[in-house]
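For the record, the sequence lines run as chains Y and V. If you count the first sequence from 1, position 96 lands on 96 in the working numbering, and the numbers rise without skipping. Every position in the second sequence, counted from 1, becomes a number in the working numbering once 112 is added.
These are computed hints drawn from the structure, not numbers from a lab. Backbone N, C-alpha and C define an ideal beta-carbon position, used for all residues, glycine too. Possibly wrong hints are sitting among the right ones.
Example chain V residues on the side facing chain Y (calculated, C-beta under 8 Å, incomplete) [said to hold, decoys possible]:
| id | residue |
| --- | --- |
| 1 | Cys124 |
| 2 | Asn135 |
| 3 | Thr138 |
| 4 | Pro156 |
| 5 | Tyr158 |
| 6 | Gly162 |
| 7 | Ala172 |
| 8 | Ile175 |
| 9 | Leu212 |
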Amino acid sequence: DAGITQSPRHKVTETGTPVTLRCHQTENHRYMYWYRQDPGHGLRLIHYSYGVKDTDKGEVSDGYSVSRSKTEDFLLTLESATSSQTSVYFCAIRENSGNTIYFGEGSWLTVV
Amino acid sequence: DAKTTQPPSMDCAEGRAANLPCNHSTISGNEYVYWYRQIHSQGPQYIIHGLKNNETNEMASLIITEDRKSSTLILPHATLRDTAVYYCIVRVPQGGSEKLVFGKGTKLTVNP
């Protein structure tokens, strides 16, 4: 599992509230990613990070921000949650050597 | 936008080999073939990858044709726990903005 932990695993929140999802890794990988998975769309990249304080946008970054203040944690924040952000969110890491990508177990977010 | 084509579903008897095909006729010379699976409500799980040689690990074997236009994932002795959606993807294992395109995959059902 490449030492990836996502929290919370499940959350229900109200429209307009901020939400932060946390991805924690224990193996010092440089690259970390946030994806969302929705029926009919597959996995879509939201943001990624290539080091502490180094982040960049993916294909569906609107409404999301990220932060990486230390190697092991990559935070995804929904500034003001909307119903369209109801989804399963997966964190992933890319191995420093070998470059295989491993995924976390997912965070189920429901915005009501 | 997936670069791969897989059958939508397959069945396999428990204890028998499961052979899952994948077509990737437009694969580039520097693209690897990766296989993942996703068991319901879990994150995508890495299985195996290869460039042009056949590969084997503790989970599966990967057979890539000589022209690299197709490959087969082999689960040698399928169990009920192997029931999942299997994804074949091609990627160059480098670069930051990893836009993994998983496609629809093959739903493998292992029957008792």
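Evaluated hints:
Using the Cβ-Cβ criterion of 8 Å, the hint placing Cys124 of chain V at the interface with chain Y is not satisfied: the shortest such distance is roughly 24 Å. Below 8 Å, beta-carbon pairs count as interface contacts, and Asn135 of chain V has none with chain Y, the closest being about 18 Å; its hint is therefore violated. Checking Thr138 of chain V against chain Y: minimum C-beta separation of about 18 Å lies over 8 Å; hint violated. A least Cβ separation of about 5 Å between Pro156 of chain V and chain Y falls short of the 8 Å threshold, and the interface hint therefore holds.
With a least beta-carbon distance of about 6 Å to chain Y, the hint placing Tyr158 of chain V at the interface is held under the 8 Å criterion. Checking Gly162 of chain V against chain Y by beta carbon gives a least distance of about 12 Å; that is not within 8 Å, so the hint is violated. For the restraint placing Ala172 of chain V at the interface with chain Y, the shortest Cβ-Cβ distance is roughly 14 Å, beyond the 8 Å limit, so the hint is violated. The restraint placing Ile175 of chain V at the interface with chain Y is violated, with a minimum CB-CB distance near 19 Å, outside the 8 Å limit.
A cut of 8 Å between beta carbons decides the hint on Leu212 of chain V: the least distance to chain Y is about 6 Å, and the hint holds.
Hint check: violations occur at hints 1, 2, 3, 6, 7, 8; the rest are consistent with the structure.
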